[in-house]
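*Asks:* For the sequence shown, the residue numbers in this note's numbering are 1 to 190.
If you are wondering where the hints come from, they were derived from the structure by calculation, not from laboratory data. One or more hints might be untrue.
[To be verified] In the BS3-like style, the derived pairs of lysine-lysine whose C-alpha atoms are separated by at most 25 Å in a straight line are: (1) 23 with 65; (2) 116 with 65; (3) 116 with 58; (4) 168 with 65; (5) 48 with 23; (6) 48 with 108; (7) 96 with 48; (8) 168 with 23; (9) 23 with 146; (10) 116 with 87.
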Amino acid sequence: MKKIILLAAVALMNTAVFAQTWKVNKAHSHFTFTITHLAVSDVDGVFKDFDATITASKPDFSDAKFDFTANTASVSTGVDARDNHIKSPDFFDVAKYPTVAFVSTSIKPTTANHYKLTGNLTLNGVTKPVTLDLWYRGTVTNPMSKTPDAGFQVTGTINRSDFTFGSKFSSPMLSDEVAFKAAGEFDKAN
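Based on the sequences and whatever the hints tell you, model everything.
*Replies:* Okay, here's the thing in structure tokens:
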């Protein structure tokens, strides 16, 4: 029994010792979303202020933990009047809910460099589990910084009704489904 406890302790220490943190390179990353208006037109938006970190001990990121937050006041669709409306209590309610957050809880491989990433999404004060598609695009040495950079793309679709988001506006005024895509580079932090 003592050997099992000792081996478990060594395994945990090895994981902690070899775990690496990666920080999002904001200049080479983006977080966008798309919603359909009147069932005929897609409206795209972007969060201009966000942060993300990844912690992983395996080089293929198969044990990665993702942590993401976006500042809701930074949302932009390119139309000032619409941006002001979606920042209001009708949608993001930025005064009450200043961030959107995602924290992963599991990662499962599907095919080479592709995973199902499950975690808790908090939007509009509601936290629900979601499963996303993750593509690990590889790791390269950045020719400028001479440090490792890893690339990822995350895509998914949520139902805004699950988060009581924009509940005054039913389909087809605005689609219940909101698709999003986050992609970018992560710099090795340690």
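*Asks:* Hint by hint, note whether the structure agrees.
*Replies:* How the hints compare with the structure:
no.: 1; hint: 23 with 65; result: 12 Å, holds
no.: 2; hint: 116 with 65; result: 12 Å, holds
no.: 3; hint: 116 with 58; result: 16 Å, holds
no.: 4; hint: 168 with 65; result: 35 Å, violated
no.: 5; hint: 48 with 23; result: 16 Å, holds
no.: 6; hint: 48 with 108; result: 29 Å, violated
no.: 7; hint: 96 with 48; result: 19 Å, holds
no.: 8; hint: 168 with 23; result: 37 Å, violated
no.: 9; hint: 23 with 146; result: 16 Å, holds
no.: 10; hint: 116 with 87; result: 30 Å, violated
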